[in-house]
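A.B. asks: Below, each chain spelled out in residue letters.
Protein chains: 2
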Amino acid sequence: MAFWNLNSLELEAFRPGINSRAELGEQLIMAYMEIAAGEEDSGHLHPYDQCGVVMAGRIEMFIGSERKLLSPSQTYFIPAGEPHGWKTFDEPATLLDISSRQPGA
Amino acid sequence: MAFWNLNSLELEAFRPGINSRAELGEQLIMAYMEIAAGEEDSGHLHPYDQCGVVMAGRIEMFIGSERKLLSPSQTYFIPAGEPHGWKTFDEPATLLDISSRQPGA
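Chains as they are written, first to last, in the numbering used here: chain A, 1 to 105; chain F, 1 to 105.
This is chain A alone, in the form it adopts within the complex (with noise of 0.2 Å):
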């Protein structure tokens, strides 16, 4: 679909604690994403680019040795290979996320 309204996207569950709609590129997979509150991803890291833009609600991230309390209007950028992860508090955060395919995924 080559529009979407994200104030009322229907999402479906992605894993426990996170609800997302993604659209599939060639090389992009662009997705909305709500994060349940007090949930957590304490790292991990991938050889692809990653980045969004909070959309509602709060998020830590860090990225590397950076650690950041996202609101909205606030951006990230994840380097391929660079470790990251998130943290939500007492709300739910919406992200608007988007990776580099993995090449052959």
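The hints are all genuine.
Label-pair ranges, simulated between beta-carbon atoms:
no., chain 1, residue 1, chain 2, residue 2, range
1, A, E60, F, E10, 21 to 31 Å
2, F, S71, A, E10, 14 to 24 Å
3, F, N7, A, N7, 15 to 25 Å
4, F, G81, A, G64, 32 to 42 Å
5, A, G43, F, E40, 40 to 50 Å
6, F, Q102, A, L24, 11 to 21 Å
7, F, F89, A, N7, 18 to 28 Å
In case anyone wonders, no lab produced these hints; they're calculated from the structure. For every residue, glycine included, the Cβ atom is placed at its ideal position computed from N, Cα and C.
Model the placement of chain F on the given structure of chain A, informed by the hints.
C.D. replies: Frame of chain A, contents of chain F only:
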């Protein structure tokens, strides 16, 4: 830079009518763009995916045969090779725009 605050990000002249700031990764280019009122790109295409979200203002876009007036929290996804263009009206529009880097670019 790992994190941007779009409300205070300093932009640079990109081309007439567009100020922007870009982050280049290995596979992704993330750009924040402010397009002036009354600007138009009547259409073009390229061999890589592009997507993004409107953060402020309004912009009309077409992607293939679909045309839509986009407001904040509305997204677009332009598959590789699909003709697309845009037009602003009486106010500037700001976008967070993500492209896959062209091989060799």
